[in-house]
Amino acid sequence: MDYHFNFRYIWKHFDRLLDGLVLSLELAFISILIGIVIGLALALVHTDFGWKARSFVAVYVEGIRNVPLLLLVYLVFYGLPQAGGMEYSAQTSFIITLSLYSGAYLVEVFRSGFDAVPTGLIDAGKAIGLTPWQRLIYIRIPTMFRIVLPSLSNAFISLFKDTSIASVIAVPELTYGAQWINFNTFRIIEVYVVITPMYLVTGYAILIGLRQIENRYLKRS
Amino acid sequence: MEVAFNALPFLMEGLWVTVKVTAIVVAISLVVGVVMGVVLTYGSAWVRWPIRLYTDFIRGIPVLVLIFFAYYGLPAIGLNLDNFTAAVTALTAFKIAHVIETTRGAIQSIHQGQTEAGKAIGLPFWDRMIYIIFPQAVRRFLPPWINTVADAAKGSALVSLIGVVDLMLAMQKVIGRTFEPMPIYLLGAVIYFLINYSLSLSSRRLEKQFSYSLEK
Amino acid sequence: MSDPLVKISGLTKAFGDVEVLKGIDLEINTGQVVSLIGPSGSGKTTLLRCINYLVEYDDGSVLIDGQEIAHKDTGNGTRQPRSERELSAIRAQVGMVFQLFYLYPHLSAIENVTLGLTKVRKLPKAQAQSMAEAWLERVGLSDKMNNMPSELSGGQQQRVGIARAVAMEPKVLLLDEITSALDPELVGEVLAVVQSLAKEGMTMIVVTHEMTFARDVGNRVVFMDEGRVVADGLPSEVLDNPENERLRTFLSRLNPHLALEK
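Protein chains in written order, with the working numbering: chain C, -15 to 205; chain Z, 2 to 217; chain E, 3 to 264.
Please note: incorrect hints may appear among the correct ones.
[Stated by the list, open to error] Below are the SDA-like pairs computed for lysine to any residue, each with C-alpha atoms no more than 25 Å apart in a straight line:
| # | chain 1 | residue 1 | chain 2 | residue 2 |
| --- | --- | --- | --- | --- |
| 1 | E | Lys24 | E | Leu65 |
| 2 | E | Lys121 | Z | Val39 |
| 3 | C | Lys(-4) | Z | Gly114 |
Hints in this document: simulated from the structure, not taken from any laboratory.
Can you make the complete structure from the sequences, with help from the hints?
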């Protein structure tokens, strides 16, 4: 097959891809921050409150986790504004969706993290007279985070890849940039030759960076 | 709500496509993934590193990019796939990587002594696999694998983006006619939920069943 | 005198930089029961595992009944590694019982025994079944045949392990510290089985830490230290009148008043 590679158009529009990559990272980062807040709050609700609160958490977690992300994206972007008379940009809409989505996954992660905190540590806290609130802040949450740190890193990378779905509602992230160049220049193979390493390298750079942070954080003990 | 009701037959046709895509992806990825997983676990370095490279590569890029590549990219190098085939190819390539990892994890969870005990009575490699390793590894394999099936069912919604009329695209089409997104999305969500939730329930049940019956 | 059943010559093995076997020569004849003793790290377990090629040795050779286990001669003097299938066929002639039993947890006691009979020796199901029953009865487990390994005590599991190995009718049986994972009160029942096998003339190589057992069951004792065979002879020669300094220290640590007598 004769296919003549021609990267000129790609470099001409490379800023679209670069801006797209940065936006992908931003979307993933903001979403995981909000997701951590949601996940932490609901994991505590699940662990420390009664069955009513628990079933609320379960409905949220299972509801989100068993539905395609694409459907959630559509639902928040097309469905909710019409039904509720709200208005927001595609980008805001995607951040809302991805935050709710990561929150649902992180509830499970944090919950098993809290379960894995040794009771001896908590007892030791009780023994020196810490209040339940103090035990939570000084013992349970820090210990839990050490346990779940690797899962948290994986969740972030996974979210980074999920940001590609934002392209379907025209959020100009990396995949959208690639599709734009596709349809406007038809240098299709070249686009993939360029964006595939962008995803891969960024993903691995994040992974290596996060592992380093994990190691530093875990060593300090 | 009436809109959703009227749309149901059309949505069911879409659902059938979703089921077909999922079933094909799951079946092929199971066979190929398990074989490659065994090779990754026991093979020589020469066959291991291409497989490693493959899994790391596939898992490093978004599925959506794979699907777009299979549909828009492959024709540029002479491989013209229709949208259904392109979608199935991309999703299968993606799932294979996961099945490989699941297989390797399941096999490695079996104690080395089991292999030695098999060798000691003179069982050759594939006999050891079939009679000793697989029957034990299947308990570690099945629960995560069923989750993979659920993921495949969810992930198949992405095929709508290259024009395969699955449940997702069927929903979009109905909405395009009726301009009432909410009831349709909710109905679709319920359908996806029922499929996936029943899969994840059976995964959890199996996990429980398996965890008590083995070694004390 | 016929050729030895097991002939080990010049055997060496290193794990990375650590030389575990530094040239072992050993000949074992049919009917001999060899107790292989020595401090931990002396290489005795590695040697045992070389005999059925669970450990791939570096140099030297192991001959089972005249057959080199790792290679075959192609006729023109070059050696060719054996295929998986040939290796399996030779391994089937060498039985092994493991320290941690390694029963197949997904198979019942009797299925643990019949697996090798039907899949390796290709015996018909009914024959395998009755042979397995006979062996399980021999080791005193006729009432536990259909139990799963997890339902058996350690001593019972190890007796299944022995039945699994001897049912293959191996030419030689390797026992790798088969009682060291057992509670003290369960050791006796397992040793009794081994003793009765010895009486029937089963050729065995027994790695053990129990000196009384080494003496009672073995008609030959081999002492290894730092990858070499240091003493080799009748139990009375090796254990009662140790010539070698290292052997004396080893024995005195196990048995303090022996040192006092010296």
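Cross-check of the supplied hints:
1. As the CA atoms of Lys24 (chain E) and Leu65 (chain E) are separated by approximately 18 Å, the hinted pair is consistent with the 25 Å bound.
2. A distance of roughly 21 Å separates the Cα atoms of Lys121 (chain E) and Val39 (chain Z); the hinted pair therefore holds under the 25 Å criterion.
3. At roughly 60 Å between alpha-carbon atoms, Lys(-4) (chain C) and Gly114 (chain Z) are farther apart than 25 Å, so this suggested pair is violated.
Consistency with the previously given hints fails for number 3 only.
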